[in-house]
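Asks: Just so you know, the protein sequences line up as chains A and B, in that order.
Here our numbering is used: the first residue of the first sequence is 17, the next is one more, and so on.
Here our numbering is used: the first residue of the second sequence is 8, the next is one more, and so on.
Honestly, the hints are just simulated from the structure, not real lab data.
Just so you know, even glycine gets a beta-carbon here, dropped at the ideal spot from N, CA and C.
Check the hints yourself; a few may be wrong.
Unchecked claim - Simulated restraints on C-beta separations:
(1) B:Glu245 / A:Asp86: 52 to 60 Å
(2) A:Asp152 / B:Phe436: 49 to 57 Å
(3) A:Lys18 / B:Ile260: 48 to 56 Å
To be verified - Selected chain B positions facing chain A (in silico; Cβ < 8 Å):
(4) Leu317
(5) Asn321
(6) Glu328
(7) Ser383
(8) Gln384
(9) Leu394
Residue-level listing of the chains:
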Amino acid sequence: MKLLVVEDDRETAAYLQKGLSESGYAVDRAGDGREGLFMASSGGYDAIVLDRMLPGMDGLAVLGALRAADIRTPALILSALGSVDDRVKGLRAGGDDYLVKPFAFSELLARIEALLRRGQAAPATTSLRVADLELDLLTRSVKRGGKPIELLPREFSLLEYLMRNSGQVVTRTMLLEHVWDYHFDPQTNVIDVHVSRLRQKIDKNFDRPLLHTVRGAGYCLRAPD
Amino acid sequence: MADDKLTLPMVQSWRWPRRFIQQQRRLLRTHAFRLAALYFLVFALSMLGVLLFVYWSSAGFVERQTEATLDAEITGLAEQYAQRGLSGLVQIVAARSAGDPGDRMLYLITDPDGRPLAGNIAGWPLGVPAHSGWLSFNFVSKSNGRTVTRPARASLIIIPGGYRLLVGRDISDAAAFRDRVKMTLMWAGLVALGVGLLGGATMSRNLLRRVELVNRTSERVMAGNLSDRVPLDGTSDEFDLLATNLNRMLDQIERLMAAMREVTDDVAHDLKTPLSRLRARLELALIGPSDERAQREAIRAAIDEADRLLATFNALLRIAEAEAGSASERSELVDLAEVARAAAEFYEPVAEERGFRLSVATEPGVEIRGDRHLLSQALANLLDNALKYAEGGELEVQVSRAAERAVLEVADRGPGIPEPDREAVFDRFVRLERSRSTPGNGLGLSLVRAVARRHQGTVSLADNQPGLRVRLEFPAPTP
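With the hints as extra help, turn the sequences into a complete structure.
Replies: As structure tokens, then:
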């Protein structure tokens, strides 16, 4: 998987490059907006990590130019501007995800993985499956090992999101944003309790757990090895 | 306006102090001056129109009356001529000429060569052409033994056979009247124009003075004196209104500046402590044992500390965003019941786990115009607080309508907040003594208040007997 990091701050860029390389990605770096646009246009990248405030040409302009040229490489915007307005502007400009600086590296990694997954998303599936866990999007029913599991509507959405990103780390912030549409961090461990309730329902009576807690990062739903 | 001074010849200008001249030059460029000049022009033109009309309807009226009288007289004479021929006409003219001179009528009938046959004018007046029509001339008359030339207006008719009939009237009185009217009107016009000039000058000076006041105040404010205000003169006219609005704007700016200073102070004070702690941790890790486990632990602790700092920063930014944000942005109709239900659903598992009975009571259709995200976060903060400080029991979220206001309440059965502290807890970084042991940054209620204010609402704390009842009130949306 090949990533393009467009970031003007040397130190941040080096940190991203190092971290992403260690996670198994091939990483190219562009130091300003124009260079980023040239490199991204040449294609061949699986995802772009784009700083919002860049010298020469700002991140949103780069994105606009790329999308206008019909280059659909998924892009994650990094920005120090974190208000909901800024976020909305970033996503409207063609960004696929928006991460506010400073961020935990694990958060960035999880989001990039989700982006890459989305890029190759199976078109219009009606059911999801991880190991013996099945989720039917039409009847909104869940079965594990053939046995039906009763879920509340929000638990269903939570499980759907986890299954769509199965095998990858999903952070609490990602869950907050995608399942609840909340763009703030609650002071209490609300997400953990939701996840543990879901875990009770899908894992409790089975030998091999599917839903795992990843320490310091988030959760991961994956088939047993 | 002071035109008399403006049109001074250049040679004389040395007489005036330089400052005065500068003032006048500036005056010429002002809007007030242009306005006054325009006003004066319009005033002068309408004045001229009025005077012309007065002249026409007074002096002109006398002239028109004279001509009407003459017309009637000639018509009478023509009838006499038709009945009695030339000789009859001569007789009548002779008789009328001999009559009362008080009516100032003039008659003369001559043969084709201009020799008088009858009449009260001595002879054919000099320079009067011999064809029909209106004419004006001077005639010589004797009164009290003196010979005077008097003006006359007359109509001349050529009778068949070449005889001339002149019927006229002495108009010396009318002429005198007309002159008098002319003089009167001229003086009246001059006085009116003078008054107009003076009025315009005063008006523009007045305008200028009040604009000056605003300008001077603005300059002082820009120079840093933020508490200066434009003086009002209590007339509540447009200028007072302008001054009032400017003053309100300045109040707002001053308030914002003060708030910003306060935030800066708070940030400096309350972020320094955790930053120093972070620094100390890292320093200890550096000089401490080089055992890898211990170092990793130290780094992890440092990251946690940094995360807490970042959370505080984010909360501060959120508050600033809520306080400064323009209300129109991202503003939509928000159903408070929906916000309450979503938040309750979100918090229900954790509430249950901690021994709370979370309940939601909503009235339908309680909507306000606002920002859904901020409202959700305000409610989340209140629920977080309740979960943190109360130890189980009922936790109620209520949405209702009271006197055209939308009300959102969160009530718990915790220790509550004592009356004297109920104002202070809304300030940034304020944490009550007994809450110091629980994690938190003292910004939760600040955000709640900022969100309430952003929506033109209020937030108040009350005793839930026992417990705390937080009440947010918002104005109903304007359609």
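Asks: Go through the numbered hints given earlier and state which of them the structure violates, listing their numbers in rising order.
Replies: none
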